[in-house]
Amino acid sequence: MDQLVLAIECDPATDVICTPEFVNDLFETQVVFSIGGFDVNRAMLLMLLAAFAAIALLFFAYRQPRVVPTKFGVAVEGMVGFVRDEIAIGIIGPEGIRYFPYLLSIFLFVLVGNFMEVAPFINFPITSRMAIPAFLAILTWVIFIFVGFAKNGVRYFTDIVWPRSVPVALRPLVGIIEFFSTFLLRPLTLAVRLFANLVAGHVMLSLLLASGWIFVSSVGDIGARSVIGLGWFTIGLAIFLFEIVVSILQAYIFTLLSAVYIQTSVHPEH
Amino acid sequence: MEDISGALALIGYGLAAIGPGIGIGIVAGNAVQAMARQPEAAGMVRTTMFLGIAFTEALALIGFVLFFLA
Numbered sequence: 001m002d003q004l005v006l007a008i009e010c011d012p013a014t015d016v017i018c019t020p021e022f023v024n025d026l027f028e029t030q031v032v033f034s035i036g037g038f039d040v041n042r043a044m045l046l047m048l049l050a051a052f053a054a055i056a057l058l059f060f061a062y063r064q065p066r067v068v069p070t071k072f073g074v075a076v077e078g079m080v081g082f083v084r085d086e087i088a089i090g091i092i093g094p095e096g097i098r099y100f101p102y103l104l105s106i107f108l109f110v111l112v113g114n115f116m117e118v119a120p121f122i123n124f125p126i127t128s129r130m131a132i133p134a135f136l137a138i139l140t141w142v143i144f145i146f147v148g149f150a151k152n153g154v155r156y157f158t159d160i161v162w163p164r165s166v167p168v169a170l171r172p173l174v175g176i177i178e179f180f181s182t183f184l185l186r187p188l189t190l191a192v193r194l195f196a197n198l199v200a201g202h203v204m205l206s207l208l209l210a211s212g213w214i215f216v217s218s219v220g221d222i223g224a225r226s227v228i229g230l231g232w233f234t235i236g237l238a239i240f241l242f243e244i245v246v247s248i249l250q251a252y253i254f255t256l257l258s259a260v261y262i263q264t265s266v267h268p269e270h
Numbered sequence: 001m002e003d004i005s006g007a008l009a010l011i012g013y014g015l016a017a018i019g020p021g022i023g024i025g026i027v028a029g030n031a032v033q034a035m036a037r038q039p040e041a042a043g044m045v046r047t048t049m050f051l052g053i054a055f056t057e058a059l060a061l062i063g064f065v066l067f068f069l070a
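Respectively, the protein sequence lines represent chains A and B.
Heads up, the first sequence is in my numbering, so the first residue is 1 and it goes up one at a time.
Heads up, the second sequence is in my numbering, so the first residue is 1 and it goes up one at a time.
It should be emphasised that the hints constitute simulated quantities derived from the structure, not laboratory data.
A couple of the hints might just be wrong.
A few chain A residues facing chain B, derived, Cβ under 7 Å [said to hold, decoys possible]: (1) T189; (2) A196; (3) I253.
To give an idea of the chain B side of the interface with chain A (calculated C-beta under 10 Å), a few residues [unchecked claim]: (4) V45; (5) T47; (6) L51; (7) A54; (8) F55; (9) L59; (10) F64.
Ideal Cβ placement from N, Cα and C applies to all residues, glycine included.
Just chain A, with the same shape it has in the complex (with noise of 0.2 Å):
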């Protein structure tokens, strides 16, 4: 991934970027400075810029409300409509309303950080960095079970390991599947499944754009056969138009699971 473009200015002397670290790299990024002790990296500065694109995409769009909205107003009420009418009253009922203003920010922040994946300058999903969907997806976590037992008391859990419906043999079983599904296995699909699309999108597109260019400007050491690396740089952009895609749909499924989860703690005999 980003060792192949820091390879081509690899310096012998310092080891530090010839190294590559494989798995921690999906974990951790460079420390661009620290104030007292305190190690700021470049995840960390774009997840501020993240949350203040969010803000100022809706400050700007409701600053004035307009009797004919501007293109970017309509564009932002759209998007800000889809989310209530479509993911939180369609999937949690009426009373989803009280739950959109939450399930609003996660999809703004989800997709301003997906797209800084294609965004020029910057090429680094900060939700490819696993702390930030795995935050995302503890709090929805916390969310849905908060309000499941606020909603139901303690039948909530007795009705997840001891399942009413289902065969009395079959108890036992079920609720063990279910205890798993529901409080270990969702909030850590819910992460990874962010994580690992948005990983496979920045290692394909640095492999395929950072290669083709290491193609092409070693015209001199390789000759012709540098032409290959016109085909790589040509799949590597057509990726990055099928990138913009998966940005969108990244965050329209983080947020429509969310829903869900929070669903079936409201309603949990559906």
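For chain A, the structure is supplied; the task is to place chain B on it using the hints.
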């Protein structure tokens, strides 16, 4: 041994992706059929399709995590 464990994990992830791949194909194919038969229900079918895909995908994602853990 390090190299072998890495390669085995890759094969394991490949195996884990077979089932969800078939499953997602069935889900999406049937959703397209449903939308073609009843276009007015397309919105509902699409939402349910994404849900079905998301739940089916979970198994492949667990394989993806195990690839890093191995």
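Here is what the structure says about each hint:
Interface hint status for T189/A: upheld, as the beta-carbon distance to the closest one in chain B is roughly 4 Å, under 7 Å. A distance limit of 7 Å between C-beta atoms decides the matter here; for A196/A the minimum to chain B is near 5 Å, and the interface restraint holds. This hint holds: I253/A has a C-beta 6 Å from the nearest C-beta of chain B, less than the 7 Å allowed. Against a cut-off of 10 Å between C-beta atoms, the interface hint on V45/B is violated, since the closest Cβ of chain A lies about 13 Å away.
For T47/B, the interface hint holds, since its Cβ comes within 10 Å of a Cβ in chain A; the closest pair sits about 7 Å apart. At a threshold of 10 Å, the smallest CB-CB gap from L51/B to chain A is about 6 Å, leaving the interface hint in force. Annotation: interface hint on A54/B holds; nearest CB of chain A at approximately 6 Å, less than 10 Å. Look at F55/B: its Cβ gets to within about 8 Å of chain A, closer than 10 Å, so that hint holds up.
Look at L59/B: its Cβ gets to within about 9 Å of chain A, closer than 10 Å, so that hint holds up. Of the supplied interface hints, the one on F64/B holds, with its beta-carbon coming within about 5 Å of a beta-carbon of chain A, less than 10 Å.
In this structure, the one hint that does not hold is number 4.
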